[in-house]
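Given the coordinates of chain A, assemble chain B onto it according to the supplied hints.
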Amino acid sequence: MYEEIAELAINKAVSFGASWAEARIQSDDSFSISIKNGSIEQPEIEKIRGISIRVIAGGALGFASTNALERNRVIEAAEMAVKGARAASSLTKEKIEFANGKEEKADFSVREKRPFENVSPKSIASLLKELDLRVVQSAKNAKFPSRMFTLSYQKTRKLYLNSEGSQIRCCVPRASFHFLCGAYHPLKGTIERSFQLGASDGWKAVERWKLLEKVEREAKSLEKNLVKGKRNQTASMDLVVGPEVAGIIAHESIGHPAEADRILGREVAQAGGSYMKPDWIGKRIGSESSTVVDDPILPGSYGFYLFDDEGVKARKRVIVSEGKINEFLQNRETGKNFRTGSNGAARASLYSVEPLVRMANTYFPAGNWSFEELIEGVAHGIYMKNFMEWNIDDKRINQRYVGLEAYQIEKGEIQDPIKLPVLEISTFELHKRLDARGKDLEFHAATCGKGDPLQAIPVFMGGPSLRFSGVRVGGDRKC
Amino acid sequence: MLNLAERIVKEGERLGFEDTLVIARRSRGTLSRFSDKGVALNDSFDSSEVSLNAGKEGRKVVAHFTIHDSDEICKELKRLPNLLKVTDPLAIYAALPTKIEKYRVIDGLFDKRVGELNHFEIMRDIINNADGEKVDSIAGTLTLVESEDAMCTSQGQEGCYKRSEIELNLRAFADKEASGQGIAVSTAFDKFDYLGATRKACREAKMAEKPVNVDPGKWEVLLAPPVVANLFGEVGMFASAYYVDAGISFLAGKLGNKISMEGLDLFDWGNVPYGLASSPFDWEGTPTRQTRIISKGVLSSYLHNLTTAKRFNTESTGNAGWVVPEPTNLVIAPGTETEKSLLKKVSKGIYITNNWYTRYQNYREGTFSSVGRDAAFLIESGEIKKPLKGIRISDSLPSLLSNICSVSKERYWVRWWDAEVPVLAPFMLVNELGITTPSCPA
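Quick mapping for you: the protein sequence lines, in order, are chains A and B.
Counting from 1, one number per residue, gives the positions in the first sequence under the working numbering.
Counting from 1, one number per residue, gives the positions in the second sequence under the working numbering.
None of these hints come from the bench; they were simulated from the model.
No experiment lies behind these values; they were computed from the predicted model shown.
Think of the CB as a built atom: it goes at the ideal place given N, C-alpha and C, for glycine as much as any other residue.
Please note that a few of the clues may not be correct.
Said to hold, decoys possible - Facing chain B, according to a computed beta carbon distance under 10 Å, are these residues of chain A, among others:
id	residue
1	E44
2	G50
3	A64
4	A87
5	S89
6	T92
7	K129
8	M148
9	V268
10	S352
11	M388
12	I392
13	Q399
Said to hold, decoys possible - Think about it this way: if two alpha-carbon atoms lie no more than 25 Å apart in a straight line, the pair counts; the simulated SDA-like pairs of lysine to any residue are:
id	chain 1	residue 1	chain 2	residue 2
14	B	K37	A	R339
15	A	K204	B	K310
16	A	K129	B	D46
17	B	K56	A	S32
18	B	K85	B	E72
19	B	K254	A	P186
20	A	K155	B	D46
21	A	K122	B	E13
22	A	K122	B	K134
23	A	K83	B	L117
24	B	K176	A	Y275
25	B	K254	A	M148
26	B	K134	A	E94
27	B	K310	A	S34
28	B	K75	A	M1
If we strip away everything but chain A, and leave its shape as in the complex, we get:
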């Protein structure tokens, strides 16, 4: 039935005058249960389904969406898309064209060995209660007055058709866990930790995460940092960051600026532009240790897909190779503009929004150094295992990461906890100072935002431990 509706949308759009058309019917079903300070909150379910039609007419792009999957409403939407594009063409100086006109046929699904839907809400609530209790009982000297944990599940089904004959069907389930916890000590104040776990999988992912052990470890680390942590004295030093920090660095300072729509200024009124320029392929922006890739086809990853939302086959993208920009993330429009073609980076979060150039799973690949070797080489420095506060400017140059679990390193050994060390640095300085990558590659889940209306999409960010030489690390609130 949905094929007929999608075909109708495309045929009508073409008959109304579109030179190219695509239709995407997308359904997102989700379910979540949370616990707040020991009390289970009301469960939430959500079902979102509709069709979007995107066209090129008169050299401009038109887009229309409706959740009424009825013939007359779909025809109306197709007409709106074409009319909108035609009207836009009168204002458009550069005609929009797409690369990659290849017909693709595919059907891919992620199979859940243990479907999340088969797990009773009571079992999920019981696990959340156990997690809450484990956190409360894990501390000796601190209390945890703020505890909010959520287990969520989302199943996304898409049917994509375009006027070039492509037809792609997919179904991807995603499980996720959100953790927010604040520790308190009467003499030391408070400290908070927030993180997310995620996977393209069902309940097996939750079992793999070993949440009871994970939250206990996190709670103990929070307590240790709160009770024993000291402020860092601002100075230039070597810095080793853990995979979680490596991931956010890869995502913010390399992944986002490599999005070709930003480079062309198409996102500049919202999520911003980019320091990367169209002619920067081959330009050095970091040391030879700085390599960052984005790979949507990683099995089980939170950002997993095999075909993007423009019907282009996905592949691994090496964005920065040994310090030099290798390729940008491209969709069909920017791929035509750059004459590279798309590399399958177009993603849309819901049926109602246009596909944008997005990351999938962005990370520094593993290097050759063991964690011990990275630390051994530091005479005086800091090990920043994870972070809480972070942000970056809209050109992706001026960034800040505030460490949470962090330790002093002296003479090659990890010492006392350090409270909230601050790395505030430019992208170029940061990647120039990267001198070693560990072997301990890990991925961490996140929800990335871009576009207007804001599109939140699941991604992995990752990397091994990284060592930066001679960077200025603050944290004493003095300059």
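Chain B in isolation, oriented as in the chain A frame:
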């Protein structure tokens, strides 16, 4: 939409729910992303959605359906009783009120002209006007929305209203590193000053050419309305009793305490005329109202729904979302100064016109940083001297609030991509605000 809401409520009753509240909404409109090169995308949308909060025997479940087929929604509802059965009773269960409210009509909520506008003509006007301002380029988003909300409860309460929204977010660019932002938002076309926003974005972009670095430290800072809106939108969220109760709000335990200067009044105003988030009722059917969050510098109230009100032994302030009470429209009372007079007061300071990416180290303490975006200037002897770059506000909200020293009488409605809560925001002068830069972290 009211018929749809009533049908879903009846289905909830048939399934045995004691308390069912349904909101049905239809939204239609256009969103265009454009630049001086033309329209990058024209997006037309039309969707209907149904949300419900259903309760029984101390348990509740929340469901959202952005699907059009009401038969399918009714079929989906059959999942809810089983879901409810296997969950625990809530620590606090607030039943829907049985008293039937009569809702007030809010002035200026719906302007039928918004749905009739030719948005391409507006974009053409903006592009032509920017062309005369001699900037390098512009880029923006223009959104026009008409929506209709209907609410119905199992206790017999019902209501409906229409709202129109028109929103422009524009950036202008000059030189390599300079930009300015203009915002125009309203429910009514008459109050939508899109050409004023265009001129402001272009003027500030030109003024921001060739920016220089500034020393980090504690500065006297003049915050423009977009910055005030971003940061006070955060204050509004922290005023939610849900976050206070969860222990993740810096406002916890401060009710009745002086947290800002005596001249500062902050309201949540759910039925303010022409308010972008105004509605006659909240998502529990409680009539919306004006709530003083900060009164003469003293924290006066949190924002409540029925559940948090029961928890705090007070009444709902009409701020219910589905689970978490949320700010509606935030209004900062006007001061006595002007933008110019505030500028004159500064012997050496910084003027920040826009910010984004506000993130927290610690919600309980309100420690945060937020990155400067678009034009920022060094002020010396009451005058703008040079444009600045690379700045970040790195401080805490309690400190920022306590260091506010003056507020302007000019105020502007602000809502944009990174300031989602509509705020009627003035210019604001803040002493001793922490500024950091990439060269010297702190």
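Against the structure, the hints come out as follows:
1. Interface restraint check for E44 (chain A): the shortest CB-CB distance to chain B comes to about 5 Å, inside 10 Å, so the restraint holds.
2. For the restraint placing G50 (chain A) at the interface with chain B, the shortest Cβ-Cβ distance is roughly 7 Å, inside the 10 Å limit, so the hint holds.
3. Taking 10 Å as the C-beta contact cut-off toward chain B, the hint placing A64 (chain A) at the interface holds, the least distance being around 4 Å.
4. Proximity of A87 (chain A) to chain B holds as hinted, the smallest CB-CB distance being about 5 Å (cut-off 10 Å).
5. Taking 10 Å as the C-beta contact cut-off toward chain B, the hint placing S89 (chain A) at the interface holds, the least distance being around 8 Å.
6. Hint on T92 (chain A) holds. Least Cβ distance to chain B is approximately 3 Å, under the 10 Å limit.
7. Look at K129 (chain A): its Cβ gets to within about 9 Å of chain B, closer than 10 Å, so that hint holds up.
8. Contact between M148 (chain A) and chain B, as hinted, is supported at the beta carbon level, the nearest pair being about 6 Å apart and thus within 10 Å.
9. For V268 (chain A), the shortest C-beta to C-beta distance to chain B is roughly 5 Å, which falls under 10 Å, so the interface hint holds.
10. The interface hint given for S352 (chain A) holds, since its Cβ lies 6 Å from the closest Cβ of chain B, which is under the 10 Å cut-off.
11. Taking 10 Å as the C-beta contact cut-off toward chain B, the hint placing M388 (chain A) at the interface holds, the least distance being around 5 Å.
12. Hint status for I392 (chain A): holds, given a least beta-carbon distance of 7 Å to chain B, under 10 Å.
13. With its C-beta approaching chain B no nearer than about 8 Å, Q399 (chain A) sits inside the 10 Å limit, and its interface hint holds.
14. This hinted pair checks out: K37 (chain B) and R339 (chain A) have alpha carbons roughly 20 Å apart, not beyond 25 Å.
15. For the suggested pair K204 (chain A) and K310 (chain B), the alpha carbons sit about 39 Å apart, so the restraint of at most 25 Å is broken.
16. Among the hinted pairs, K129 (chain A) with D46 (chain B) is inconsistent with the structure: their alpha-carbon atoms are about 41 Å apart, more than 25 Å.
17. For a cut-off of 25 Å, the pair hint linking K56 (chain B) to S32 (chain A) stands: about 19 Å separates their Cα positions.
18. Proximity of K85 (chain B) to E72 (chain B) is assessed by CA-CA distance (about 22 Å); at most 25 Å being required, the pair is judged to hold.
19. Annotation: proposed proximity of K254 (chain B) to P186 (chain A) holds, straight-line Cα distance about 17 Å (limit 25 Å).
20. Taken as a hint, the K155 (chain A) and D46 (chain B) pair is honoured in the structure, with Cα atoms around 23 Å apart against an allowance of 25 Å.
21. A hinted pair counts as satisfied when its Cα atoms are at most 25 Å apart, and K122 (chain A) with E13 (chain B) qualifies at roughly 24 Å.
22. Taking the CA atoms of K122 (chain A) and K134 (chain B), the gap is near 64 Å; set against the 25 Å cutoff, the hint is violated.
23. The suggested pairing of K83 (chain A) with L117 (chain B) holds, with an alpha-carbon distance near 15 Å, which does not exceed 25 Å.
24. With a C-alpha separation of about 11 Å, the suggested pair K176 (chain B) and Y275 (chain A) falls inside the 25 Å cut-off, and the hint holds.
25. Distance check on the hinted pair: K254 (chain B) and M148 (chain A) sit about 22 Å apart at the alpha-carbon level, within 25 Å; holds.
26. Annotation: proposed proximity of K134 (chain B) to E94 (chain A) holds, straight-line Cα distance about 21 Å (limit 25 Å).
27. Proposed proximity of K310 (chain B) and S34 (chain A) is supported: the alpha carbons are some 20 Å apart, at most 25 Å.
28. Only pairs whose Cα atoms come within 25 Å are accepted, and K75 (chain B) paired with M1 (chain A) is accepted, the gap being roughly 19 Å.
Comparing the model with each earlier hint shows violations of hints 15, 16, 22; every other hint is respected.
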